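Enquirer: Listed below are the residues making up each chain.
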Amino acid sequence: MDIIRTNNLTKNFVGLTAVDNISFSVKKGEIFGFLGPNGAGKTTTIKMLITLLHPTKGSAEIAGFDIIGARDKVRQNIGVVFQEPALDIELTGGENLEYHARMYGLSRDKRKTRIDDVLNLVDLEDKKNVLVKNYSGGMKRRLEIARGLMHYPTVLFLDEPTLGLDAQTRRAIWNYIGKMNKEEGTTIFLTTHYMDEADFLCDRIGIIDHGSILVIDSVTNLKNSVGNDVITLSCSDMVKLVKRLGEESWISNVEQHDSFVTLGVEKGEEKIPVIIEIAQSLNIRIKSISVRKPTLDDVFLHFTGRTMRDQEAANTTRSVPPRFHGRMR
Amino acid sequence: MKSVEFQAIYIMWLRQMKRFVRSKSRLVSSIVQPLFFLFILGSGFRVATFVGVDDYLSFLAPGIIAMAILFSSMFTGISVLWDKQFGFLQEVLVAPVSRFSIIIGRTLGGATVALIQGFIILLISLGLGVKISGVFGLLLTFVFMILIAFTAVGFGLVLASKMEDFQGFQLIMNLLIMPLLFLSSAFFPVTSNPTMKIISSFNPLFYMVDGLRGSLVTGAATVNPPMLDLLVVLVVCIIMMGLGSYFFSKSEV
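Chains as they are written, first to last, in our numbering: chain A, 99 to 427; chain B, 57 to 309.
Isolated chain A, as found in the complex:
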């Protein structure tokens, strides 16, 4: 059963198409990730799905309810963890949850038990009566995740859940997200521009850039599309070497980039000597060579021809983030 289904969803801001004809679906119980550089249209997509932005064109359904026609039904079925913290820092953690519970109409008994349940899930039960302004960044995030779960949402939206957190805290957050997906059976839709995050958490990933989805597949399939192992090398005459290697049937794909070449192969360790031999026979000097398991960075490179970092630099000079666009009146 599809929990989220979108059909040619589009959002235009003045002079900018933030989301361009996006169609995808998310199955019940899975963790689905939108992966893309900053400014790719991830947050805009989420804001449309959670009924905070009106789509310019197209439609979407969440748990069978239309995001335009049945807003209240949609709102009841979703939990949201926003990119920027959305807590009242003058209230305690417990009070923030109490606020949320009442806004969602939970009964008195349910409120009490549920607040303790979700605080337990994110290990914040001893911080219940501490003002949120005294929380650390990681604790605030955990509280927000707990809050998103309070009202038993069908689907939980997480917009860049670990943005700006240190490595250890990120690990912990990942564990909490995985845990609630398993224990509560919550479907999760998350956006991220961290490859490792999508890799660790997601069952399926959509790669998004310039407002369009380039590809949707499972993490394993996406990785397989670039080969079991990835060999990266730089050498003196790349064009010549790429041409020669293209003739070898054991290389699944050869791609030449600005200053390096990537090869998708099986059993990469055994192929390094073979490649060096070939290079030497052509009188090409290899400067460096390495083998590793493919990351989603390689996947992104494969589908866009650019690394995420290049893309982000281009996006930040190209566009004003939609958030600020909406504010210019």
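A portion of the hints provided could be inaccurate.
[As the list claims (entries may be wrong)] Calculated lysine to any residue pairs in the SDA-like style (CA-CA distance at most 25 Å, straight line):
#1 225(A) with 236(A)
#2 208(A) with 70(B)
#3 238(A) with 326(A)
#4 187(B) with 98(B)
#5 125(A) with 152(B)
#6 140(B) with 273(A)
#7 58(B) with 187(B)
#8 218(B) with 110(A)
#9 369(A) with 354(A)
#10 74(B) with 196(A)
#11 140(B) with 263(A)
#12 74(B) with 369(A)
#13 238(A) with 273(A)
#14 155(A) with 155(B)
#15 140(B) with 229(A)
#16 208(A) with 118(A)
#17 171(A) with 143(B)
#18 277(A) with 175(A)
#19 210(A) with 58(B)
#20 369(A) with 326(A)
Rather than coming from a laboratory, the hints here were simulated on the basis of the structure. Fair warning: this is a prediction, and the values are worked out from it, not measured in the lab.
Given chain A's structure and the hints, the job is docking chain B onto it.
Expert: Quick look at chain B alone, frame taken from chain A:
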């Protein structure tokens, strides 16, 4: 209306009460500032004679009460801007609660805070010997206080929906609210100057102060009968609340 909506309104109200009680600086400054006005202006102008004013303190007190409620309520409306900047507004807007209930919750919370402040000033004024006109007058005073609070919250909501930062708020306070307040006869009677009197008849704050004065103080030198003031203030209140709700529900995060 469903009980969910009432719960939402209640918790929004409760949140503002908690924030108000916890913010000691706001509590102190919002009460001390009007008291400064009351004491300093009160003792400074006591010796001056205005036409038709016997007891300056009795004249001034309703003006200061109106001012305190006005400032506090406007602040509440404008504090939506804080929620916007801190991201909390998104959490409110994504909840399955109607926009109407969100506005009601915000307004009731703000009005309650403002009325608490207004009542403190009122009590102090009574302690200073302001002569009140009786039970009915006092009840009518409460009605005026409530209407002033709602009007100002509505106005604050309009500003918060249309503005992006607090600089604009300062501008509105200095260039619009302060002149209107000075022309409202809160501090001195405007009737002695014909030009001012004409301008005042277009000033909603004038009717608020005049009505409050007429209902609270015995033998006050008012321009209009309190019931006429009440009618004008009621209409202004409905318009402001309507505008506030309209602009707030239109604003996107």
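Enquirer: Of the hints stated earlier, which fail here?
Expert: 3, 6, 7, 12 and 16
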